[in-house]
Structures are given as C-alpha cells and as structure tokens.
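Residue numbers (my numbering), protein chains in the order written: chain A, 123 to 363; chain B, 24 to 305.
What the hints contain is simulated information worked out from the structure, not anything from laboratory work.
The structure displayed is predicted, hence computed values, not measured ones.
Certain hints may be false.
Said to hold, decoys possible - Sample of chain B residues lacking proximity to chain A, with all beta carbon distances greater than 12 Å (derived): (1) Ala119; (2) Met151; (3) Thr244; (4) Thr277.
What the hints assert, rightly or not - Heads up, incomplete: computed chain A residues facing chain B, CB under 7 Å, no partners named: (5) Leu187; (6) Gln190; (7) Thr317; (8) Ser333.
Stated by the list, open to error - With beta-carbon atoms standing in for the labels, derived distance ranges: (9) A:Leu144 to B:Gly226: 37 to 47 Å; (10) B:Thr291 to A:Lys290: 48 to 58 Å; (11) B:Glu116 to A:Ile188: 21 to 31 Å.
Glycine residues also receive a C-beta, built at the ideal position from the N, C-alpha and C atoms.
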Amino acid sequence: MNLSLIAAMFPLLLKGLQYTILIALIGIVFGFIIGCLAGFALQGKNKFLKAISYFYIWIIRGTPLIVQALYIYFVLPKLFDISLAITHNGEILVSESVMAGIIAITINSGAFIAEIVRSALESVDKGQWDAGKSLGLSYTQILFHIIIPIALRNITPALFNQFIISVKDTSILTIIVVPEITHQMQNYAITTFKTIPAYTFGALFYLAIISILMIVQKIIERKLKLTSQNSMKRGNSLVKD
Amino acid sequence: MKKILTIIIVVAVLAIGIFALTKLGNKENVEATTINTEKLEGCMEGITLNVATTGTFAPFTYYDENGKDVIGFDLDVINELQKLLGFEIANNEIPAMNAATITASITEGKVDMGLAALCATDERKQVMNFSDTYYEAGLIIAVNKETSPKEIKSLEDLKSGKYTVAVETGSASHLYAKEIGIKEDCIKTYNEGPIAFTALEDGKVDCFIQDGPGVSYYLKTKADTKLAMVGEPFNQEESPYAIALSFDICKKYTNIQEVINLALKELTDNKKKKKIEAKWCK
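So here's chain A without its partners, still in its complex pose (with noise of 0.2 Å):
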C-alpha cells in the first residue's frame, strides 16, 4: 500500500463525503417531519390519514433503495414534467441527481422513522394517558406535555441509527451519478486499475466516518440516560418534599 494512492484518493472522498454528509443531514431532518406525521397519524383517530401513512410505508418498504432512486431520477420528472435540478439565473445550485438522491433518502428514512415513531409512541405506558386525564389535561396537553417528552427521548437513539444507516445507504446513488464517497470510489478504481487498494482504502474511509458517527451516538446515548436520570431524581425529592 503506497502513500501516494492515499494521496490522490482523499481529496476525492472528501468531496464525495461532502455529498453524502449533505444529503444523509438533509434526508434525515425531512425524513423526521415525514416520519413523525406518519407515525402520528398511524396511531391516531382519523382513518383517512392513517390509511395515507399504511399506504406510504407500504410503498417504501416493499421496494428496494435503487429501484426507488431510479424511479425518482427518471420517472418522476417525465410524470409531473418537471425538471428537479434547483437553478438560479442559468447557474445549476443542485444537480437533477443530487435532488433525486436527497428525495429518495427522505422518503426512504421518513418510513422507517414513521416505524420507530409509531412504536415509541405505543411504547409509552398506558398509565401515563389515565395519569393525565386525573389531572384534568386535554388530549392535546397530555400528548405534547407527556406522551412525546417521553416518547423523543426514547427514539433518540434508534434515530440516531437510521441516521448511520442513510449515510450508508447514499452509497447506492452512485447509480444516479450522485458524486458521493462509492462514486468517487469506484471511479478512481475504474480509471486506474488499482482495484483492490482503492476499494480498500473507500472502505475504511466509510468505517472511520461511521466510527465517528458511532461515537456521537455514544455520548448521546449517555447524555439521555444522565437526564432520565436528574428528572427521576427531581422527581424523587419532589414525592419527599
């Protein structure tokens, strides 16, 4: 292994991680305000949106991430006739397949946060609803005041992971040109021959960035527990006082 493949390949992984840093952030963040009114509406009363949320998480669910990407890249823009590219006075700011990329991740990551929302909100004890309703709260109070602090903090982490999962999941957008870390990759290899130490060295660009990210989740993890915590303890001296 020579220094000078390291050489030439970092700058172009670091471009590629620029991509896929952008569209995981971007697609985790809409794919949370899609995953929350999902989950929300799974588990509440109105039957038209809860039939929407079962017919979107079906559709994302049952089909693969490329096909997915495909289908966005190329059947979308020709249905609605719409071009997605983002420009501004002839100068393209986000290419067709950047925006397609960030689309797919979104959609893909809000089903499964809708999942991980729906369970969280299911999760959290019954007794919490009935401890509420004696205190004379509304439906509303009891939900934003009990039910989510509670449920947030339990999905933290399995957010976190979707997260990990997206960033890994952009590698698949190389098929729509999205010039992200496999991209950058792949092309170096193809273009140099040198296949088994470019692929090696992409893939330990990978392990290391998720590493990092692995360790963020840690220290969140902790931070969680730690206020769980002080608020049992708050909690405690307020039964005592």
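Once you have looked at the hints, place chain B on chain A.
Okay, now just chain B, sitting in the frame of chain A:
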C-alpha cells in the same frame, strides 16, 4: 474517554488487518502449461474458462427482447471460438456484468476471458492482455436534438467545461474523456450505457460519448429517439475491440493469447467473421 480509545483501537486493528490482507492476497503460483497447437481444431479441449460479458452494449452484447439471454456480435464470436477450439465455459454460462465490474474482474483474474466490445487501450494493457483486433470502432458524440446546446459540434467544444458529458463508467470513452482533459465535474459517469442513453433522451446531460457502433445501433433501433450523432468519429485507431485475457490465465496457459489469435484469423479466413459482421453491423 476510555470507550473512545477502545473504538480507535478497534479501527486501527481493522485497518491493519485489511492492509495485511491486501498484501497477502497474491495468487499462489500456478503450474504453467502450453497448449498443443499442432492442430488448431479442438486444441483447447478439456480446458474450462470463465468467460464474461457486459450485456449492455448493443449490437455487440445485449439482452434479447425477453431479457433472458445475452446475444450479439461478441456472443457469436465466442460461440465460433468454442466450436473451433473446443474449450468449455464454466457452468455453461456467460455472466453479464457492467463495464466497471468486468474490467476489475479480469484484472483480478476472477474472469479469464472477456468479450464485451472491450477496446484494447494502452491503459488496459497494463492490467490485462488482449487478442488481435476483431472489430475496429471509433468513439462518437451523441446529443439530444431538442435539449442539448447547439454549440456542441465536436470534441473541442466539450473541453470548454460548459457542458455535461455522459460516459459509461470504465469504458474506453470514460478513459478518453479524462485523458483529453474534460473537466472532472463535467463528466457524468453512468454505470451502464443504456442508463446514459435514457439520461440523454431526458435531457439530463448535454451529450454522451460512446463507441460508434453502439450509438448507430441505438439510433437505428430506438423508435422516435431524440438523439443524433455530431462530428466525426474519433480515437479510431485506439478503439479496436479485442478479446481480453487475464494475466492469470496467460500465466497458466502460456500460449493462450497466440491460440486465440490463430483462431480469430481462422474465423476471418473461413469467412465466419464476415457473416457475423453482416448479421449485426448492417
């Protein structure tokens, strides 16, 4: 802090492990044999080869209408070679893989012989051997008559960096586009030729550099296509299609390259190759 340290150590260990693996991955020495060529007919009987193609480049190698079998010029050539030389194809199957994968597979010796309208370029010759040319092809620029800028008339226009250029990942045009200095950001690499054609039809890219025969076949067979060729074919002397042979198989059968060349010559002499040409490239 302790945990972070543990994770760092894990990463380091994995890294060293994988690096070591790549070092150890060298092939064990194979016994070299020479094919007896006293009589060309059936001289490779009993030899099994891993043969692969791409299935993405009509009319040379592509899936038939049922999407089940790969057919084309190259497949006919391999059939004739097999009939003549008598070698066996592993599992009686010629797997189709995209251009990037087939080049990597031949480089690493996973595939012994590749027939996929592969251009015998100088870059490729560093990692694999090639037979004599069996078809001369050049590269050509395809544009979309409706969406592509009218300024694109020749290769020179593409160097300006104003237009997006589609290529098939790992194909001769990909290597060529890089070599002549088209800006990295302008080159859009599609994993497979057909996807690039669709992208150009949809106006997602400004042009597509591809092998001439492939483009003309596409224009001929695709109903109401918006595409057209511009400029003259280029890189002609450097895009000869040849049969790729992995270094490994050439080490194992020291004269296999020579045998394949003799066989190709035989097919030319007995007019079989002409027939194949007439069938696919008319």
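Hints broken by the structure, by number, lowest first? Violated hints (numbers, rising): 2, 5, 6, 9; every other hint is consistent with the structure.
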